[in-house]
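Letter by letter, the chains look like this.
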Amino acid sequence: MSMPEPRIGTIREAINEALHEEMRRDPAIFIMGEDIGVAGGVFKVTAGLLKEFGPDRVRDTPIAEAGIVGLAIGAAMTGMRPIVEIMFSDFTTLASDQIVNQAAKLRYMTAGQCKVPLVIRTAMGAGRRAAAQHSQSLQAWYAHIPGLKVVMPSTPEDAKGLLKSAIRDDNPVIFMEDKMMYNQKGPIPEGDYTIPLGKARIHRTGTDATIICTSSMLYPGLEAAERLGQEGIEVEVIDPRTISPLDDETLIQSAIKTGHVLVVDEGYHSFGVTAEIAARVMEGAFDYLDEPVRRLGAADVPVPFAPSLEDLTIPSADRIVEIIKEMRA
Amino acid sequence: MTTQSQISPPSLHHADLPVELYLDMYRRMVTIRKFEETVYDVYSRGIMPGLAHLYTGMEAVAVGICMTLRPHDNITSTHRGHGHLLAKGGDPRRMFAELLGKASGYNKGKGGSMHIVDMSLGILGANGVVGGGLGIATGAALSAKLRGEDCISVAFFGDGALNEGLFYEVANMASVWGLPVVYVMENNHYGEYTPPSKVTAGTGPARAEAMNIPAKTVDGNDVLAVYEAALWATEHARSGGGPAFVECQTYRWRGHHMGDQGDTYGYRTQAEIEEWMKKCPIERLRRYLTSEKIVPAETLQQIDTETQSLIDEAVEFAKQAPYPDPSEVFKDVYA
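Protein chains in written order, with the numbering used here: chain A, 1 to 329; chain B, 330 to 664.
Hint data in this document are derived by calculation from the structure and do not stem from the laboratory.
We treat Cβ as the ideally placed atom computed from N, Cα and C, and that holds for glycine.
Do not rely on the hints blindly, as some may be mistaken.
Claimed, not checked - Just so you have them, the derived chain A footprint on chain B, three or more residues with Cβ under 8 angstroms: (1) 444-452; (2) 458-466; (3) 516-526; (4) 607-617.
To be verified - Okay, derived cross-link-like pairs now, BS3-like style, lysine-lysine, Cα gap no bigger than 25 angstroms in a straight line: (5) B:Lys608 to B:Lys545; (6) A:Lys115 to B:Lys545; (7) A:Lys199 to B:Lys660; (8) A:Lys199 to A:Lys44; (9) B:Lys527 to A:Lys51; (10) B:Lys527 to B:Lys545; (11) B:Lys648 to B:Lys660; (12) B:Lys622 to B:Lys607; (13) A:Lys325 to A:Lys257; (14) B:Lys608 to A:Lys115; (15) A:Lys51 to A:Lys115; (16) A:Lys199 to A:Lys51; (17) B:Lys474 to A:Lys115; (18) A:Lys185 to A:Lys199; (19) B:Lys660 to B:Lys431.
Unchecked claim - So the derived label-pair ranges between C-beta atoms look like this: (20) B:Gly588 to A:Asp290: 39 to 45 angstroms; (21) A:Val42 to B:Gly507: 52 to 58 angstroms; (22) B:Gly507 to A:Arg24: 25 to 31 angstroms.
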């Protein structure tokens, strides 16, 4: 007997399903953001919510990011479980005081007297030809702050399961959705399932090198591994899935096994996620590494508009193949 | 300290208010005054770490507003928050312990003067960021509306916070969505060391009215005037009318913080301070209650004595309390 074919859907559909199912499950959940109701969101991720749950729980807001997050924090402190959509992660900077100084710190400053169960969904990533103010990947900013969790799904299955976990979490969670992946297809398991925050996923096993790649960087990572495999280099590909908390153990164990590690993330190269992961892997696996951990982030320039220029700033499968070969040389 | 001729008469004569209410008002104001002046003393002797922003002289605002709130109504406070917390029922012992960084403090010593919270009293926090409580208070009002709970929010903020953009973002949403929140602007005439006349165009009430939020300005040193405005504003919010705005004109006797004494920053004169001290809100209520023969002077003196004992005991409790266990440093980062 063969297993039934798994249902195939997009990341957009997976997130949309998670929102619908969670809002049906818990009346304390509501969602607000710019154009998320009538319009269904600029990326159509929230389509259908307004019709099912009505304007109290699906709130179109003014264009006022600090105010939106500020209200969500107050609501979260007093019994609600708000989900906020900030259209582009670039615009989270407008709410960064609320995220960094209020949401992240209230639990600790009050010695546990209150909690802030808040999810901030936001679109990240370059490649959309949207130029420097609509293309950034600011996950490192928020992973830097104690009290926040940062989630970066790469597949439909993960997006749905991780978003459900984020919504059920009692802490503020930044949920980064790569805008170029909303149409990414993959299997979506049936039924209610969650994926724990802080657990990496090994997408491909190998013994010769490890590629640790976040969010949409999984796909150039897998493509590079495939090409390298044809040349006899067996590469392990791991997606941390959440960078705060970070599954150090899985990453370090792979480094110990392969001895060669490359970290790929779409945030800026300098002071980025790649630097933190490289440091943790080197601290945990130093004696087993054949060379320093290499890293590949977005170029340290504001994301340019011209497609020919923008493509030069984003990590690519070609570049990953080059680096792995350099390491193995 | 003051003479009757220097104190303008109360704007209102609430002859029919119960005596107990007057006594409650008086007791809460004296509690704040004695608490703050004790902080001044303790801080000056080097016992208290960190920063202290004192509420001395502004007592009528916190008390006049909080007298109209119920235990489950929510407030957010400011960096100058001790007065709001005490007026809402905060425990002076746990507050003082927090100021000294002790384990028995409201926040186990992890917040300090600017971050005290008591969720059970609807105190959603003092806040170290100017205007920082405005979003939280407005969000709590949204929460109450969504949950169908009969509960309002009050956001205290200063003339300095009036120029923070967050106010306009959240007050606009409160107005559009009809949220039950009252914005109480404490105009103490200085944002840190700068007067509104130099940095603020127009007025708070006019800005609120531009967002269809009804507003009043009152003498913030007249607790009865504040109380009456608070009754209006809270009733407006409770009855589904949406947000309201009250500007209370007042003055802080002490500096912006404990380091702002004498002529350190050179932004105000001793004569100006003394002129405002003549408008002491506590003295003003005392004169009114005794001259109108609502309460005998001895009753008020007894309250003074009892309150002093309460504060003395709070300080002693705080001094004796243990410091937090070192393990506390890593607790409660996450829920």
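key: Pairwise hint evaluation, A:Lys44 against A:Lys199, where the allowed Cα distance is 25 angstroms at most   = Roughly 28 angstroms separates the two Cα atoms, so the pair is violated.
A:Asp290 and B:Gly588 - C-beta distance against the hinted 39 to 45 angstroms = violated (57 angstroms)
key: Given pair status - B:Lys607, B:Lys622, alpha carbons within 25 angstroms   = Since the Cα atoms of B:Lys622 and B:Lys607 sit roughly 22 angstroms apart, the hinted pair holds (cutoff 25 angstroms).
request  = Quickly compare the C-alpha distance for B:Lys608 and B:Lys545 to 25 angstroms and report which way the hint goes.
outcome  = Within the cut-off at roughly 21 angstroms; holds.
ask   = Is the gap between the beta carbons of B:Gly507 and A:Arg24 within 25 to 31 angstroms?
value = The hinted range 25 to 31 angstroms holds for B:Gly507 and A:Arg24, with Cβ atoms some 27 angstroms apart.
ask   = Quick one, are B:Lys660 and B:Lys431 close enough, alpha carbons at most 25 angstroms?
value = Status holds; Cα separation ~15 angstroms.
Satisfaction of hint between A:Lys51 and A:Lys199, Cα-Cα up to 25 angstroms = violated (35 angstroms)
message = Next pair to validate is A:Lys325 with A:Lys257; report whether the Cα-Cα distance is within 25 angstroms.
response = Roughly 18 angstroms separates the two Cα atoms, so the pair holds.
query = Residue count check for the segment 516-526 of chain B against chain A: does it reach three with CB-CB under 8 angstroms?
reply = Violated, because only 0 residues of the segment 516-526 of chain B bring their Cβ atoms closer than 8 angstroms to Cβ atoms of chain A.
inquiry  = Please verify whether B:Lys527 and A:Lys51 have alpha carbons no more than 25 angstroms apart.
reply    = Status violated; Cα separation ~50 angstroms.
query = Under the criterion that the straight-line Cα-Cα distance not exceed 25 angstroms, is the pair B:Lys474, A:Lys115 satisfied?
reply = With Cα atoms ~20 angstroms apart, B:Lys474 and A:Lys115 stay inside 25 angstroms; holds.
task = Verify the proposed pairing of A:Lys185 with A:Lys199, using a straight-line Cα cut of 25 angstroms.
result = Holds, at about 22 angstroms.
When the structure is compared with the earlier hints, violations turn up for hints 3, 4, 6, 8, 9, 14, 15, 16, 20, 21 and for no others.
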